[in-house]
Amino acid sequence: MAAAVSTETVNITVNDIELVVPKGELVVEAVKRLGLEIPIFCYHPRLKPVGMCRMCLVEVGFKQPDGTVRKMPKPQAGCTLPVSEGMAVYTDTDAVKRDRKGVLEFLLANHPLDCPICDRGGECPLQNNTLAYGPSTSRFVEMKRHLPKAYPLSQYVTLDLERCIQCGRCVRFTEEISGDSQLAFRFRGASMQPSTFQLTDFESKFSGNVIEICPVGALTSAKYRFRARPWDLQTSPGICTVTPCGTNIWFDHRSGKFVRVNGRTNEGVNEEWTCDRTKFGHDFYNAADRLATPFRRDGEAFNAASWSEASQAVLAAFADGGEGVAVLVSPTLSNESLFMTQRLVRDTFKTNNIDFRPSGGLAWSERLENKYGLDPVGGTIADLEHAGSILVFGASLADEQPMTFLRVRKAWFSHGARVVVAHEVATEADSFADVVLRYNPGSAAVVAAGLRQLLAKVEGKFTPEHVESVSGVPADKLRAAAASLGENGAVVTTRRLAKPAAEILAVAAHETGRTFLHMGPHANTEGAAALGALPDTLPGGVKAETAGLDTKGILDAAAAGKLKALWLVGVDAFSLGDRDLVSRALENVETLVVTDYRPTESAEYASWLLPLALPAEQDGTYTSSERRVQHMGAILQAPGEARAQWQVAQELAARSGAAPVFSTSEVRSLIDSVAPDYASLTMAKVIDGGELLPRRGQSPHDLEKLAQTLGGL
Amino acid sequence: MAERKLLLEHAHDPAYATLDGYLAKGGYAGLKKALAGERQAVIDEIKASGLRGRGGAGFPTWIKWNGITKDKKGPHYLICNADEGEPGTFKDKQLLEQTPFLLVEGMTIAAWATQSDRGYVYIRGEFVDAARALRKAIDQAYAAGYLGKNIQGSGMDFDLYIHLGAGSYECGEESALMSSLMGERGMPRLKFPHVPLPTVAGLWEKPTIINNVETYSCAPFILANGGEEYAKLGASTKNSRGTKLFSVSGHVNKPGNYEIEFGTTLMELLDMAGGMKGGALKACVPGGSSVPIINAEDCGRAVLAYEEMSEVKSMVGSGGCMFLNEHTCIVSFIWRTSLFYANESCGKCTPCREGTKWMEQILRRIVMGNGQPGDVETLKEICSQIDGRSFCGLGDAAAWPVAAALRVFPEEFEFYIKHGRSMVTSGESVAMAPAWQQAVLA
Ligand SMILES: Cc1cc2nc3c(=O)[nH]c(=O)nc-3n(C[C@H](O)[C@H](O)[C@H](O)COP(=O)(O)O)c2cc1C
Ligand code: SF4
Ligand code: SF4
Ligand code: SF4
Ligand code: FES
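Chains as they are written, first to last, in my numbering: chain A, 1 to 713; chain B, 1001 to 1442.
Check before you lean on any hint, since a few could be wrong.
[Unchecked claim] Only pairs whose alpha carbons sit at most 25 Å apart, straight line, appear in this in silico DSS-like list of lysine-lysine:
1) A/101 / B/1070
2) B/1313 / A/32
3) A/71 / B/1070
4) A/48 / B/1206
5) B/1070 / A/97
6) B/1206 / B/1070
7) B/1070 / A/63
8) B/1232 / B/1070
9) A/144 / B/1380
10) B/1191 / A/564
11) B/1206 / A/410
12) A/74 / B/1070
13) B/1380 / A/23
[Stated by the list, open to error] Among the chain A residues that face chain B by a calculated CB cut under 7 Å, a handful are:
14) 80
15) 102
16) 142
17) 186
18) 188
Since the hints were made in silico from the structure, they are not lab data. In this text, all values refer to a predicted model and were calculated from it rather than measured experimentally. Built from N, CA and C at the ideal position, the CB exists for glycine as well.
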């Protein structure tokens, strides 16, 4: 990252082997082209090189006109030195070996070497480098440094100062990547130590990453500490399902139990990072009250029952239920589960009463793709990195779309993108925004209309002065924002932003040739929408002939006693808001079926309680907020008889006469037959890094409709 | 040879620290000449003068000045390094307090030559009097149109600011100084060839010159009298021209700053400082605590000039010249020196952070009477593992004095380790240690 790597190449030699490499590439990277490795500690390819640890010292010389090599008098840090024409690098001379021994001897002098009880033992770069390059004995006979061994930096991160080798990776992460600058070095010399400021908590939404990039066992997970040794762990590739980003993770487990999450590299999505929700938010796999068998209510009590009994009971209540039955599904279920559930609801229950949206949503004809033919998600997370300017509108990205936040920040930090943030409240992105537009609650659409007018250079009533009078955003700021956004770039917002604002932004982005991302809040919001878990939309986005009830309509109908049966699949109705309405609704349906991984508050009202297998306990695909379809295999075994929802749905359908479906790949074939977007995917790509759903390609928008929307403001 | 005062000529006249007094003694003649001619002419004069950096490294000043692009696209910065943290060195303090206008004029000349818009004088935090004197001088220069907009009608704008350090030796290292000036932790930054030179991308990534107080203070004389005139001084040496301030301290009768022509011998300097006090000459650290110590014999043949000093395996450095008499315990002296470097290591790189501490621990153990066979070899090894391997010059500066002491006075270390006490029995040696240390030594 130090010097920009160019397309120009230079000729160098590494250990006398000739090599052509891009000019400006760092020596540590260049030697990898020969399969060589220079040992490192402080260098991290995603952080600015600092040359602190000196582990990577190599000998460097330059070819002279007479063909000889003149070596530089001092060894050079390979992690900070960009290659240049005629450079000769030596990674393996006696001098280099001596220097490495020297650095390791220094690092080990005060190191506690408590490897047997260290969480890093077995995966420790210090151990590994010592084995490969270090001295065999220590001449250090002085008192070792004694420092706090288990200092809690936050509820998640613990610092063992004795093990720290002062490489600064953690400090640089918070400065360069997460941007919260929560860590800094205190004191100097041998007393230097990473620390939070004035011993406050390590307040970050991305703190877990420092545990992973720490090259020793100094930063450890407060949760994982002493839980297992790395060599006891099994690890499997997974996808995070607690955030909408589709973050790629390593799912570590031991004896069938979930242990910890680590970031897995996917350049398109999370690079190698995780947010703390991903990193520390998977403990529910080990919940003590996991459901392992179906339960039937008998009076006040719940009694274990068989799946066969349960299936019969559900069918009895729902089959051919029509208007009188409804299903609410969670947008964190897999594509397969959502698809099979809506199919069951439509074909067997004979109703369109299905919804995944916690709080309302747009009707079919109001959605961007149907109203204007515009892609709600027209770009990718990675696209943002090279967008010259980015408008973040009405979203607290660090909370809502953590990986998108990191990419926007990277666009600014590494590529100098100009960022404009518009929101009602302060957000993390304000810290690096070129212009911040703070608008009054409820005035988002007017601000969006004002920005559109400036960006698209059209006339209208939303002049900066008018916008100021409504939103409180100073007219000059709005102009500055438009100027900063320039002629092209990207617009990022989330589904949390109310309708007219998002619509106006979408059109504005299209009019001015910007990438538009309108990102959904859950792991599979996009899949749920695309595969028909909606009352007015069938798989493939086809409009249903007659619309069913949406979430609000379902709860209202239930409360009014108009629903005979309601099925909550992975949804705790009490999380949907209005507790009064929810409790009336749950009380007034005859049959309430709750499918979940543990008893929720809604379960107290249930006639049947069905155990749900969690995402890592089944094979499935998920469509992330950038509409990337990714796959996760079954990593763990579901407890007892807990089942994936697609299996439950297929069994009910089969019992009512539908052809049985035996596997998720069969489900995917069914999906492909009705959803052309999904049919275009190749499973190999979905498994390896994920594949994006095809973009619609923007058709001309209908300014008449926009005029109506604007007129309504 | 006697003292040769170019900079200190009027130092003891309090009026010289005022603009009127300075002008009365011919001040600002250099700037006037500079402004009357081409910018490049200034650099040519500096080149002809043979001026080399007085901050320690002796780098030819004109090369730095000439390295600033002539095709100005954005701001150019000028920094004066007045951090003067090297133990034994106190010349910049006197220059700031008594001849502040030499610095102000010198920097203005440099600003003209390099099209710099702003200058920062980074003054060691403890130098309160020096900062006050410079503040007064800067204020007077502004009032009389020697700083600020359109200086002396030349159309040149130049602003000069003072920044006080916060007490870290490392902040005298030029890139750490820039970090500190930019509000960051006082840690050094990557250097050429890893990143461009500061003359290309220095402070805030803009073209930047950094020079020592004394270096800038030489410019007025050079411009007023011509580079060739300046270069006549020190003509007897290989490549050292002009005068140099030496801060003489230690066991001498008249410690203080002495300005001498390059080529003066070390013994002449000792004579100027009134000769040895309390005992015969045993050793000298001629250029500040980081340069290698030399014994009395080498003192006898040492000639004060950059290349010549390497003949006695030492350096001119920053000119902090410490004479030690026969009662000095070299082991304790070196322990104290190494304690300084261990304390001042910024912590950025492994060799210096860990090595300086380790050396200090071993030396402390020896001084406390617990030396062990093998300690000397370990110390030598540690020195070689630091020297040239650390991130910045502080690591080297910490290793050199120890390595040199082990080379020049091996018998003292051997004796101390073997007998658990100093070869030098006089109380003098203990008196060198600060009060808290004496308790440890007792
Ligand atoms: C650890 C360390 C401390 C230094 N301290 C000072 C100092 O206090 N004053 C100074 O002028 N130069 C100091 N230097 C030298 C500067 O880095 C730099 O070389 C000098 O300011 C350049 O000015 P010059 O060319 O005029 O000598 C120090 C260097 C090192 C490595
Ligand atoms: S950090 Fe590495 S070397 Fe240190 S105790 Fe842990 S495993 Fe051992
Ligand atoms: S805690 Fe870890 S990452 Fe941070 S400086 Fe220490 S060794 Fe490096
Ligand atoms: S040598 Fe290393 S630790 Fe020492 S002051 Fe320089 S950068 Fe800091
Ligand atoms: S890896 Fe190069 S100095 Fe640390």
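query: Quick one, are residue 1070 of chain B and residue 63 of chain A close enough, alpha carbons at most 25 Å?
result: violated, 31 Å
- prompt: Is the hinted pair residue 1313 of chain B and residue 32 of chain A satisfied, with a Cα-Cα distance of at most 25 Å?
  reply: violated, 41 Å
- prompt: Can the hint on residue 188 of chain A be confirmed by a CB-to-CB distance to chain B that is less than 7 Å?
  reply: holds, 5 Å
message: Check the hint pairing residue 71 of chain A with residue 1070 of chain B against an upper bound of 25 Å on the C-alpha distance.
response: Violated: residue 71 of chain A and residue 1070 of chain B sit about 32 Å apart, past 25 Å.
field: Given hint residue 1206 of chain B paired with residue 48 of chain A - CA-CA distance at most 25 Å
entry: Given that 25 Å is the threshold and the Cα spacing comes to 19 Å, the pair holds.
field: Pair hint outcome, residue 1206 of chain B versus residue 1070 of chain B [Cα-Cα no greater than 25 Å]
entry: holds, 13 Å
- prompt: Is residue 1232 of chain B close enough to residue 1070 of chain B, meaning Cα to Cα at most 25 Å?
  reply: violated, 30 Å
- prompt: Holds or violated: is the Cβ of residue 142 of chain A closer than 7 Å to a Cβ in chain B?
  reply: Result: holds, 4 Å to nearest chain B Cβ.
query: When you check the alpha-carbon spacing of residue 1191 of chain B and residue 564 of chain A, does it fall within 25 Å?
result: violated, 76 Å
message: Would the hint linking residue 144 of chain A and residue 1380 of chain B be met if the CA-CA limit is 25 Å?
response: holds, 21 Å
- prompt: Can the hint on residue 80 of chain A be confirmed by a CB-to-CB distance to chain B that is less than 7 Å?
  reply: Where the cut-off is 7 Å and the nearest Cβ of chain B is about 4 Å from residue 80 of chain A, the hint holds.
- request: Measure nothing beyond the straight line between the CA atoms of residue 1206 of chain B and residue 410 of chain A; if it is 25 Å or shorter, mark the hint as holding.
  value: This hinted pair holds, its Cα atoms lying about 23 Å apart.
When the structure is compared with the earlier hints, violations turn up for hints 1, 2, 3, 5, 7, 8, 10, 12, 13, 17 and for no others.
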